[in-house]
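Undergrad: Each chain, letter by letter, is given below.
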Amino acid sequence: MNDLVLMGLEGAVLVTGLAVLLLDLWITPDQRRLLGFGAIATLGVIFCASFAYLPDGTQYAFGGMYALDEFALYFKRFFLIAGMFVLLLSVGTSHAEEGGQGEYLSLSLFALAGMMFCASAANLALLFVSLELVTVTFYVLVGFQRRRLASLEAAIKYLIIGALSSAFLVYGIALIYGATGTLDFRQLASLPAAVMESRILWLGALFLFVGLGFKMAAVPFQIWAPDVYQGAPPSTTAFLAVGSKAAGFVLLLRVLHQTLPVLETRWLHLLMGVAGLSIAYGVLCAIPQRSLKRLLGYSSIANAGYLLIGVATLSAAGATAALYYLAGYLYTVLAAFIVIAVVLQHTGRDDFDSLAGLHQRSPLLAAGLTFAMVSLAGIPPLAGFFGKFLVLKAALAAGAEHPGFYWLLGIAVVGVVISLYYYFGVVRAVYWGTPGEQPAGPIRVEWPLQVALYLAMVAILWLGVMPNQITNLAELAVKSLGLR
Amino acid sequence: MTEQTQSYLFLAVLLGVAVAFPLVMLGLARLWATVYSPAKPGPAKAAPYECGLESTGDAWVQLRSGYYLYAIVFLIFDVEALFLLPFAVAFTSLPVGAFVAILVFLLLLVEGLVWAWQKGVLEWN
Numbered sequence: 451m452n453d454l455v456l457m458g459l460e461g462a463v464l465v466t467g468l469a470v471l472l473l474d475l476w477i478t479p480d481q482r483r484l485l486g487f488g489a490i491a492t493l494g495v496i497f498c499a500s501f502a503y504l505p506d507g508t509q510y511a512f513g514g515m516y517a518l519d520e521f522a523l524y525f526k527r528f529f530l531i532a533g534m535f536v537l538l539l540s541v542g543t544s545h546a547e548e549g550g551q552g553e554y555l556s557l558s559l560f561a562l563a564g565m566m567f568c569a570s571a572a573n574l575a576l577l578f579v580s581l582e583l584v585t586v587t588f589y590v591l592v593g594f595q596r597r598r599l600a601s602l603e604a605a606i607k608y609l610i611i612g613a614l615s616s617a618f619l620v621y622g623i624a625l626i627y628g629a630t631g632t633l634d635f636r637q638l639a640s641l642p643a644a645v646m647e648s649r650i651l652w653l654g655a656l657f658l659f660v661g662l663g664f665k666m667a668a669v670p671f672q673i674w675a676p677d678v679y680q681g682a683p684p685s686t687t688a689f690l691a692v693g694s695k696a697a698g699f700v701l702l703l704r705v706l707h708q709t710l711p712v713l714e715t716r717w718l719h720l721l722m723g724v725a726g727l728s729i730a731y732g733v734l735c736a737i738p739q740r741s742l743k744r745l746l747g748y749s750s751i752a753n754a755g756y757l758l759i760g761v762a763t764l765s766a767a768g769a770t771a772a773l774y775y776l777a778g779y780l781y782t783v784l785a786a787f788i789v790i791a792v793v794l795q796h797t798g799r800d801d802f803d804s805l806a807g808l809h810q811r812s813p814l815l816a817a818g819l820t821f822a823m824v825s826l827a828g829i830p831p832l833a834g835f836f837g838k839f840l841v842l843k844a845a846l847a848a849g850a851e852h853p854g855f856y857w858l859l860g861i862a863v864v865g866v867v868i869s870l871y872y873y874f875g876v877v878r879a880v881y882w883g884t885p886g887e888q889p890a891g892p893i894r895v896e897w898p899l900q901v902a903l904y905l906a907m908v909a910i911l912w913l914g915v916m917p918n919q920i921t922n923l924a925e926l927a928v929k930s931l932g933l934r
Numbered sequence: 025m026t027e028q029t030q031s032y033l034f035l036a037v038l039l040g041v042a043v044a045f046p047l048v049m050l051g052l053a054r055l056w057a058t059v060y061s062p063a064k065p066g067p068a069k070a071a072p073y074e075c076g077l078e079s080t081g082d083a084w085v086q087l088r089s090g091y092y093l094y095a096i097v098f099l100i101f102d103v104e105a106l107f108l109l110p111f112a113v114a115f116t117s118l119p120v121g122a123f124v125a126i127l128v129f130l131l132l133l134v135e136g137l138v139w140a141w142q143k144g145v146l147e148w149n
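Respectively, the protein sequence lines represent chains A and B. Here the first sequence is numbered in the working numbering, starting from 451 and rising by one per residue. Here the second sequence is numbered in the working numbering, starting from 25 and rising by one per residue.
For the record, the hints were derived by calculation from the structure and aren't laboratory data. Incorrect hints may appear among the rest.
Unchecked claim - Label pairs and their computed distance ranges (CB to CB): (1) B:53 with A:647: 54 to 60 angstroms; (2) A:603 with B:89: 17 to 23 angstroms; (3) B:129 with A:506: 28 to 34 angstroms; (4) A:647 with B:111: 41 to 47 angstroms; (5) B:128 with A:929: 42 to 48 angstroms.
Unchecked claim - So these bits of chain B aren't anywhere near chain A, every CB distance computed over 12 angstroms: (6) 31; (7) 72; (8) 84.
Every residue gets a Cβ at the ideal spot worked out from N, C-alpha and C, and that includes glycine.
Hey, can you work out the whole structure from these sequences and the hints?
TA: As structure tokens, then:
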């Protein structure tokens, strides 16, 4: 019974998903919105309930399969907030969705449950199953607008590359099991040093990293990101950008620091290289983009690079910075995609030309998009600035031990400068773009989306001005991971 | 030669035989065909065989893809049976927890069936 209580948050999300799926069968289309709001309210209750958990150290359930600590709780709250915004976004744009609204809601809830399981995975089997729960539901969510060719194309690409990465992941897990004879994180952590030298174990861990890299959209596993981001429905893209990436990072951090600490030194150069390449690739490829969703796809690759710098420092400060960065990135990306969703609904396009004159058609949308872009560019006092600042500070501190971090720092700073160009290109298109033959009537934003956008903007500002509350939570989370 | 390499030699010989045997057989059959039944194609002989009837229409007809739904719904019952059988065999010695667990599992599958039913997947049109 105690096991089920520890797993209560995920269980509640799953039950909500199942209930939505069933309720949707017997309600009228008018009540569909109410169903969505009901699901969001339930997630809100679950979010509040997460503060009732006060884990003293790490608590295990189901024979060590499942771990609950502050680190897991931090990410669970993160995923729950993301889930609430995504559901709000999908309810607000519901009439644009074909297929069933109820199915969209329940699939999103299942993906959310999978992400929350990722945060608590303490066994390679649970790691794989929870990641697959996320990925398989995303195959459907990406291709949800099944009469739109772009959506189907994105789904096929995501399916093929996702299946490939899953194959790497499960092969890696098999190799680790072959080398050590266990899948349990605690047993892996307490293996004798002689076993840790096994080459098969390294190879398995490397394959594991490939699988997680796909989730994070880090170079060289990034190839799917721009196409899928462009083709998928906006609410799915937002969830993919935030949830899937964070799921990769939560698992990477746990495997790196709690499961196989021997990898910390082995993977240092790998992590640094991947971080540098991700920033360089994301930033350079974003320059010529004219589609906003594609731009955010490349930006997400660059952001994976910044996050990986925080992870690569292998310090508590770096991990805390990464956790804070993710929180800021969450609200920023959500604000951007709320605007994109509305613009897409009205113009059917998401390129820069369709943004022209947006500040006259809807000042709120223009302000929201500007907030998001300025935060992504890393301008104080918004959340994006403080996240980048913390990551770079951690890298600077790590540079004392390993000079390679100075190079990484250089790449990161140059990346920030280049990214100013394209992020402000979006702002320029919004305020100074010349509208073509488009109808320039005002855009009415539905109230759920208005609420979501206002909340996201307040959160971006609040995180930037008062970062302490989140960094304190992040520090607590990192401490429970055993990082000094 | 050590014992270990000898055992690999055996595998190599086996592989050689496995490849050679069908090749020899196929070669013999080919030789037999060219000697005793050389190909003499004609319009009647080249026509597709349809139990003696005149063949009509194109062979590239499209089949309904609607069947895939039945395959998926079948999976519900298929997987169910897979777990129910060992459950039934060990039923008397199982604790209450196991009974509840299998009940939850069954309810999940039933929900899938109810959903498919309500969505009209089981109606043929």
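Undergrad: Now tell me, hint by hint, if it's right for this structure.
TA: Hint-by-hint comparison with the structure:
1. B:53 with A:647: 54 to 60 angstroms: 56 angstroms, holds
2. A:603 with B:89: 17 to 23 angstroms: 19 angstroms, holds
3. B:129 with A:506: 28 to 34 angstroms: 33 angstroms, holds
4. A:647 with B:111: 41 to 47 angstroms: With a Cβ separation near 44 angstroms, residue 647 of chain A and residue 111 of chain B satisfy 41 to 47 angstroms, so the hint holds.
5. B:128 with A:929: 42 to 48 angstroms: Roughly 36 angstroms apart at Cβ, these two residues miss the hinted range, so it is violated.
6. 31: Holds: least Cβ distance 23 angstroms, greater than 12 angstroms.
7. 72: The claim stands: residue 72 of chain B keeps its Cβ more than 12 angstroms from every Cβ of chain A (closest is about 35 angstroms).
8. 84: Per Cβ check, residue 84 of chain B is outside 12 angstroms of chain A; nearest 24 angstroms; holds.
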